[in-house]
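Residue numbers (my numbering), protein chains in the order written: chain A, 101 to 516; chain B, 146 to 542.
Hint data in this document are derived by calculation from the structure and do not stem from the laboratory.
Heads up, a few of these hints could be off.
Claimed, not checked - Derived pair list, reagent style EDC-like, types lysine to aspartate or glutamate, alpha-carbon separation capped at 16 angstroms: (1) B:K494 to A:E295; (2) A:K402 to B:E527; (3) B:K506 to B:E527; (4) B:K155 to A:D253; (5) B:K375 to B:E396; (6) B:K494 to A:E326; (7) B:K494 to B:E463; (8) B:K305 to B:E374.
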Amino acid sequence: MKAEYDVVVIGGGLSGYVAAARAAERGKRVLLLTDGLGSFPFLPGHIDVWGWAPLEKSPMVLDPVQGIGEYLRSQPDHPWGRLLDVLKESMEFFRTVCGSQGLVYNPAAGRNIMVPTPLGMARPAFMAPESQYVPGWDAADKVLVVGLAEYKDFFPLAVAQGIAGSRPARDVRTLTVSLGLPRHVDSFTLAGYLERDECREVFLNRVADAADGRSLILVPAVFGLEAAAKVLSSVKESLGVPLMEVSTLPPSVPGLRIYAALRRWVMSRGVTVTANVRVNGAWFSNNGCAGVTACISGREHKFAASSFVLATGSFVSSGYSWQGGQPVEPVMGLPVTLPREGIEGVDGPFLDGKGKDFMRVGIEVDDNLNPTGPSGEVICKNVFITGSKLAGYDFSVEKSGTGIAVASGYKAGNLA
Amino acid sequence: MSIDLDQCVKCTTCLSQCPVGAVNVLFDGPKRLGPDLARIKRTGSEDYPASLKLCSNCKNCDLACPFGVGISRMINLARGSYLENRSFRLRDFFLANVELTGKLINTFPLNKMAGYFTGDGFPARIGQRLFGLSPTVAFFRGDGQGPASFRKARQRPGQKRVVYFPGCYAHFFEPRIGVAAVRILNHLGYRVELPDVHCCGLPQVTNGFLAAAREKAVENLSLLGPLVEKGLDIVTTCPSCGLMLRKEYAELFGLEEAGVVAAHVWDLFEFIGRDAGVDSGSLPAIHGRFAYHAPCHLRATGTRSAALALFSGLAGLEMVDLDGGCCGLSGSYGFKAENYATATAVGRKLFDRVQEVRPDKVLTECGTCKIQIMAATGLTVEHPACVLAELLVRGTV
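Given these sequences and hints, build the entire structure.
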């Protein structure tokens, strides 16, 4: 079978798109097969590399590279052990790609910055979009938190209390304004509406008085989708006060902005993106994987290439299934590893900061992200594993998910 | 009870890709009208939200769902139940029964009367107002060849046989697409079978006539089933007919025999690709810039834009993938006056992209996408089959 493509990327989440982008930049002919939007609607917009050291008593990490180094001493199989070499260039690549589409990220300082959560508490992040991070924001003394009456998933009072709690003397006010819409709407619909001049005009008129004399305004991250840069700069200009978007509950508009930027970029570089394709099999030759197959409307479709990036995610996105008490990787049947200590149920305290065992389930890889077997032998030299498919980490307690996705996607795109 | 209802975790990702929800705040959106409503129905509630009528059935919710929930199927079934025992507008009846409408329009003297709706003169505007049709209808004009003119095309003898499913658009309004398809399939060495198939039933589904749509499905399957059993493949040039045959007959109506037929249905360009029958390098050069619009229903079948790939390989031609999302018209949706503003707003992104690219011509497989893009941009829009057939003719001279 003649291969139309050099690289087939399976999975259209963050790591899949980054892998496709990097491979395309290297001049490869890339096919990206997607089934759903991946993690994009859940991404807060910031990129995390290492925010919390799960083994420490006071886990907040300020220097992520140092924090990872310390963690690797006791947990050498953590994915960052195989990705630190591309950390810097992968972040820069991501920043350049997004920036070229008008989604500007502040350059990573190397140290974590603090960003507000939807509940107002500050949390560490590695890199943030301009709209979601104003340097020195946490020192601003006259803060105004603005909510929107039509948007129920953002709580100005909670954000205000979270901020005030960190330094009680601060003057933090809240304001909820109506945009005059006939009903409650979600973040995404709101973002579309705020791209309209007349809708933004209503917002500005109703906020102007309260904004006067404030040193910082916090708003939910719903100010425009693909036109966000234009929307935000016009709002900032009109109010004359630094403005910062706070990430929201899903669907997260900043995540969808990343999706739009990456998608536009890969398509402009000639990547073929095919939606609604659930890849469910593969065939092999002496050189490794020869192609993958998908059942589309009752017919098997074949996709041949010289290398493959497996970016199908973990259990939530059906990247793994659970059969007969064992995790199964349904595309290539690669061995999936359980945490060394075995796996406990998901009951018990939900947010105890220790994470959940099933999150660490995944495929073991070598330094080239090739899948490895029980004794460390490489199974397929032309298959690369990325993102939450990787074994041995729990992004929810480490605050490492988006960073590992970007770095592993970049590395896979480099090698594929 | 659908098995995928429990797979919905209410993450709202579907809404984030809903083109209608993005521009019409009165639309409840795919999550509420799909899985949420299906859950409420299990309690025996008889209430239906009126905004079920605002769904354009573009399928972008299905494409976005990370968990494989058949959202649009749930909406279509709910809309069918909602409209089942209600009185309907005459207009909706005619928009739904394209087969009947197509026959009427093509029958003298009704083809003249159709001019009272399709056109932008004064009588047309009155007709549109009277029937609740949107101004986009003005661009709905046939190619004047007469229905199913492709049946008359003389075929070259071929060893292999294949079935062509034209769909109502190519059958009644633009038969030159059918002529092109027959010519291309001939070129690949196929003799083309043209059974008397019916409307795929999609317009009936979206207008709430589910029982009638199911009848069409049963009739079509009884015609196509035996041909498939003989080993013949079925080729479509309409993405929506393709989607019905490949997915919806099984998923919406639970027709068992649908699966057998579905596995043999091909989009024309996908079929060309399988046979590797047309080498774009050997075709005569076209000089210029074409833009390609991928219809939502083609993307929903999981089909690669095979036409785009083929044309991208042509000498002299700059081929641009518009990637502008839904055109907004969505079959009969945008022909209704009350949906005109929504349909136009949905298509804005695509229209802007077209203006930015400034192509000589836009290629798209879908007949109604074509009408919408023509109406909004004034450019020539063609089915890629028509362009390819012409190149094949030129190539052999």
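*Given the hinted pair K155 of chain B and D253 of chain A, is their alpha-carbon gap at most 16 angstroms?*
holds, 14 angstroms
_Given the hinted pair K402 of chain A and E527 of chain B, is their Cα-Cα distance within 16 angstroms?_
violated, 29 angstroms
*Does K494 of chain B pair with E295 of chain A here, judged by a C-alpha cut-off of 16 angstroms?*
OK: K494 of chain B and E295 of chain A at ~13 angstroms, within 16 angstroms.
*Holds or violated: K494 of chain B to E463 of chain B, with C-alpha atoms at most 16 angstroms apart*: Distance of about 21 angstroms is beyond 16 angstroms: violated.
*asked:* Does E396 of chain B sit within 16 angstroms of K375 of chain B, going by the straight-line distance between their CA atoms?
replied: violated, 25 angstroms
*Pairwise hint evaluation, E374 of chain B against K305 of chain B, where the allowed Cα distance is 16 angstroms at most*: holds, 15 angstroms
*Is K506 of chain B close enough to E527 of chain B, meaning Cα to Cα at most 16 angstroms?*
Roughly 8 angstroms separates the two Cα atoms, so the pair holds.
*Compare the distance between the alpha carbons of K494 of chain B and E326 of chain A with 16 angstroms, and conclude whether the hinted pair is satisfied.*
holds, 11 angstroms
Hint violations for this structure: numbers 2, 5 and 7, all remaining hints satisfied.
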